[in-house]
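Asks: Here is how the chains run, residue by residue.
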Amino acid sequence: EAGVAQSPRYKIIEKRQSVAFWCNPISGHATLYWYQQILGQGPKLLIQFQNNGVVDDSQLPKDRFSAERLKGVDSTLKIQPAKLEDSAVYLCASSQTGNQPQHFGDGTRLSIL
Amino acid sequence: GDSVTQMEGPVTLSEEAFLTINCTYTATGYPSLFWYVQYPGEGLQLLLKATKADDKGSNKGFEATYRKETTSFHLEKGSVQVSDSAVYFCALTPLDDYKLSFGAGTTVTVRA
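Going down the list, the sequences are from chains A and B.
Note that the numbering used here has the first sequence beginning at 1, numbered continuously upward.
Note that the numbering used here has the second sequence beginning at 1, numbered continuously upward.
Wrong hints could be hidden among the right ones.
To be verified - Below, a list of computed lysine to aspartate or glutamate pairs in the DMTMM-like style, where the Cα atoms sit at most 25 Å apart:
#1 K68(B) x D54(B)
#2 K99(B) x D86(A)
#3 K60(B) x E42(B)
#4 K62(A) x D2(B)
#5 K44(A) x D96(B)
#6 K11(A) x D57(A)
#7 K99(B) x D57(A)
Claimed, not checked - What follows is a set of in silico ranges between Cβ atoms, one per label pair, in the way DEER data are often shown:
#8 P81(A) x N59(B): 36 to 44 Å
#9 T51(B) x N51(A): 37 to 45 Å
#10 R9(A) x A104(B): 19 to 27 Å
#11 R9(A) x F18(B): 32 to 40 Å
#12 G29(B) x V54(A): 20 to 28 Å
#13 A112(B) x N51(A): 43 to 51 Å
#14 R9(A) x K52(B): 34 to 42 Å
#15 P40(B) x V55(A): 30 to 38 Å
#16 K78(A) x E63(B): 40 to 48 Å
Read the hints as simulated data drawn from the structure, not as lab findings.
The structure presented is a predicted model; accordingly, all values stated were derived computationally and were not measured.
Don't be surprised by glycine CBs; every beta carbon is placed ideally from N, CA and C.
Only chain A is shown next, with the shape it has when bound in the complex:
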């Protein structure tokens, strides 16, 4: 079975620019998650989707971060404008349902100059 696909693998931008990440979950997985992993820390959940609806976005900085999951499959996470503290690895994960094990993609490493 194909895993969770993310792109790009690496992104370097200057502060105040915008950036977008893409995630394609495992086929048939209804639940999709975006995590932020700052260097030296564990991943922190940003947003969870169930199909194309948001279940939890309580830790998403909504003034600059946005995410969507049109048609309940692929998802994009956007940051606009980026700040230095947004430098991190952004991980996408998916699961069959909300209480099943999560499968992670390889992540996108974002560096803000």
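Given the coordinates of chain A, assemble chain B onto it according to the supplied hints.
Replies: Chain B alone, transformed into the frame defined by chain A:
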């Protein structure tokens, strides 16, 4: 709120040495407990899990036992290999919830 505390790294070992990574948690009720592993340049992979007290999770020679009395889920491996070099994360999900809460991670380096 629920949280996980794991031993700080980095940990450096020789091949065939015994590995222990301590993990303790704070949660109400009976959470599910997990160990995830992150190899260099890759995403997180579920290594093992336990869903109730006294359960033992095991995989790839790694083991961890859910200890309710000490609120712990320590990871152990009897003889490590160079290929075990990775970052290991302890995590939990609360009872009847999906949210994974991760520890800060422990970097393990195994030298030949």
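Asks: The structure should be examined with respect to each hint, and the outcome stated for every one.
Replies: A quick look at each hint next to the structure:
1. Our distance criterion of 25 Å between C-alpha atoms is met by K68(B) and D54(B), whose separation comes to about 7 Å.
2. In summary, the hint linking K99(B) to D86(A) is supported, as the alpha carbons are separated by about 22 Å, within the 25 Å threshold.
3. With a C-alpha separation of about 18 Å, the suggested pairing of K60(B) with E42(B) holds against the 25 Å cut-off.
4. About 24 Å separates the Cα atoms of K62(A) and D2(B), which keeps this hinted pair within 25 Å; it holds.
5. Between K44(A) and D96(B) the alpha-carbon distance is near 19 Å, which keeps this suggested pair within the 25 Å criterion.
6. Between the alpha carbons of K11(A) and D57(A) the distance comes to roughly 24 Å, so the proposed pair stays at or under 25 Å and holds.
7. A distance of roughly 12 Å separates the Cα atoms of K99(B) and D57(A); the hinted pair therefore holds under the 25 Å criterion.
8. The beta-carbon spacing between P81(A) and N59(B), approximately 43 Å, falls within the hinted interval of 36 to 44 Å.
9. T51(B) and N51(A) have their C-beta atoms about 26 Å apart, which leaves the hinted 37 to 45 Å range violated.
10. Separation of R9(A) from A104(B) is about 24 Å and conforms to the stated range, judged on CB atoms against 19 to 27 Å.
11. Hint check: R9(A) to F18(B), Cβ distance near 35 Å, so the stated range 32 to 40 Å holds.
12. Range check, G29(B) to V54(A): about 26 Å between beta-carbon atoms, so the 20 to 28 Å window is met.
13. For the hinted restraint 43 to 51 Å between A112(B) and N51(A), the CB-CB distance of approximately 48 Å keeps it satisfied.
14. In this structure the hint that R9(A) and K52(B) lie 34 to 42 Å apart at CB holds, the actual value being about 38 Å.
15. Roughly 32 Å separates the CB atoms of P40(B) and V55(A), a value that falls within the hinted 30 to 38 Å.
16. Between K78(A) and E63(B) the beta carbons are some 42 Å apart, a value that agrees with the proposed interval 40 to 48 Å.
Hint violations for this structure: number 9 only, all remaining hints satisfied.
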